[in-house]
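Trainee: Sequence:
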Amino acid sequence: MMSWLCGLVGDGIAKSRSPAMHEREARNLGIPLVYRLADTAEWQGGGGALADILEWMERFGFNGTNVTHPYKQAVIPLLDTLSDAARAIGAVNTVVFRDGKRIGHNTDWSGYAANFRRTLPDASLQRVGQVGAGGAAAAVAYALLSMGAARLDLFDVATERAAALGDRLGNLFPEAQVTVATCVADVIAEASGVVQTSPIGMDSHPGTPFSASLLQSRQWFSEVIYFPRETELLAAARVKGCQTVSGIGMAVFQAADAFELFTGLVPDRERMLKEFD
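Heads up, my numbering is the position in the sequence shown plus 583, with the first residue counted as 1.
Hints listed in this document are in silico derivations from the structure and should not be mistaken for laboratory results. Remember, predicted model here, so these are calculated numbers, not experimental data. Quick reminder that beta carbons are idealized off the backbone N, C-alpha and C, glycines included. Hints should not be assumed to be uniformly reliable.
Unchecked claim - Derived DEER-like restraints, expressed as beta-carbon distance ranges: (1) Thr742 <-> Phe643: 34 to 44 angstroms; (2) Cys766 <-> Glu815: 14 to 24 angstroms; (3) Ser707 <-> Glu641: 20 to 30 angstroms; (4) Ser586 <-> Asp769: 24 to 34 angstroms; (5) Thr664 <-> Ser800: 24 to 34 angstroms; (6) Pro704 <-> Gly613: 12 to 22 angstroms; (7) Ser796 <-> Phe643: 27 to 37 angstroms; (8) Thr762 <-> Glu638: 11 to 21 angstroms; (9) Ser796 <-> Gly644: 51 to 61 angstroms; (10) Gln760 <-> Gln656: 18 to 28 angstroms; (11) Glu853 <-> Gly824: 22 to 32 angstroms; (12) Ala795 <-> Thr762: 15 to 25 angstroms.
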């Protein structure tokens with residue numbers, strides 16, 4: 584029987600749920616799969632060891648690896664080819680090692696879209712405000728525009744990064760209006776829904792990227808962070824009466840899409856979501 588060896592590259596990922604998700608679903612399917620972490624916080628050379636980590640994985644026969652913060656964009660020059668979505672988004676969260684090639688994919692966008700449609704199928708996408716413009720943010724923005732968002736307003740404290748993402752998305756989706764704001768309140772005030780895609784709120788980056796007082800009960804609010812399960816901002820949005828989308832579904836569905844790329848087998852996505860812990 585064929586076996587699989589997969590991994591995750593990131594910084595400060597010791598508490599990642601990815602190993603449990605992949606290995607549990609493999610057991611459910613009756614296949615042998617081992618999923619290991621390559622945490623640059625513990626790796627000699629730190630973030631500068633990214634190229635060495637990929638070489639090490641290839642040498643030891645990994646079938647593929649996930650890539651998380653802060654390497655989703657930095658990994659691209661180290662790859663041989665990209666999927667259409669990964670190229671359009673400009674970020675990679677899944678690398679498949681096959682036939683001596685490193686193939687970059689992005690399952691963040693498909694995972695986000697699947698979770699959003701499942702949770703808020705009737706949510707208005709007339710005008711969406713998005714906070715954050717990094718690797719995960721690019722995937723979420725791509726997903727929102729692919730789902731038909733008419734207008735997307737972006738904000739990031741790194742204004743040049745937000746401007747670059749806005750330009751790329753505007754070219755990819757000319758039928759939509761994509762704008763970049765220099766004040767976070769401006770992307771929230773008139774939005775039908777708000778997406779939080781920055782790392783602020785993670786256990787390793789505590790706090791909130793903006794004040795919950797900016798949110799309104801008529802808006803939906805979406806969070807991409809899943810560790811902790813409920814960020815301070817997500818909890819505040821619920822108290823305000825907003826319809827909410829947690830980051831758990833995105834985490835599960837992107838993992839399921841990556842699992843399928845690694846193994847060629849179709850996981851039970853609803854089972855993975857039910858068993859997430």
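Trainee: Indicate, hint by hint, whether the structure satisfies it.
Mentor: Hints versus structure:
Checked against the hint of 34 to 44 angstroms, the C-beta distance between Thr742 and Phe643 comes to roughly 41 angstroms, which is consistent with it. Checked against the hint of 14 to 24 angstroms, the pair Cys766 and Glu815 passes, with Cβ atoms roughly 21 angstroms apart. Ser707 and Glu641 have their C-beta atoms about 46 angstroms apart, which leaves the hinted 20 to 30 angstroms range violated. As the Cβ distance of Ser586 to Asp769 is approximately 52 angstroms, the hint placing it in 24 to 34 angstroms is violated.
Between Thr664 and Ser800 the CB atoms are about 46 angstroms apart, so this pair departs from the stated range of 24 to 34 angstroms. With their beta carbons about 33 angstroms apart, Pro704 and Gly613 fall outside the hinted range of 12 to 22 angstroms. The beta-carbon spacing between Ser796 and Phe643, approximately 50 angstroms, falls outside the hinted interval of 27 to 37 angstroms. Distance hint for Thr762 and Glu638: a CB-CB separation of about 41 angstroms, inconsistent with the stated range 11 to 21 angstroms.
Between Ser796 and Gly644, the C-beta spacing of about 52 angstroms keeps the proposed range 51 to 61 angstroms intact. Distance hint for Gln760 and Gln656: a CB-CB separation of about 25 angstroms, consistent with the stated range 18 to 28 angstroms. A hinted range of 22 to 32 angstroms for the beta carbons of Glu853 and Gly824 is consistent with their spacing of about 28 angstroms. Distance hint check: the CB atoms of Ala795 and Thr762 are about 23 angstroms apart, consistent with the given range 15 to 25 angstroms.
Of the numbered hints stated above, those contradicted by the structure are hints 3, 4, 5, 6, 7, 8, listed in ascending order.
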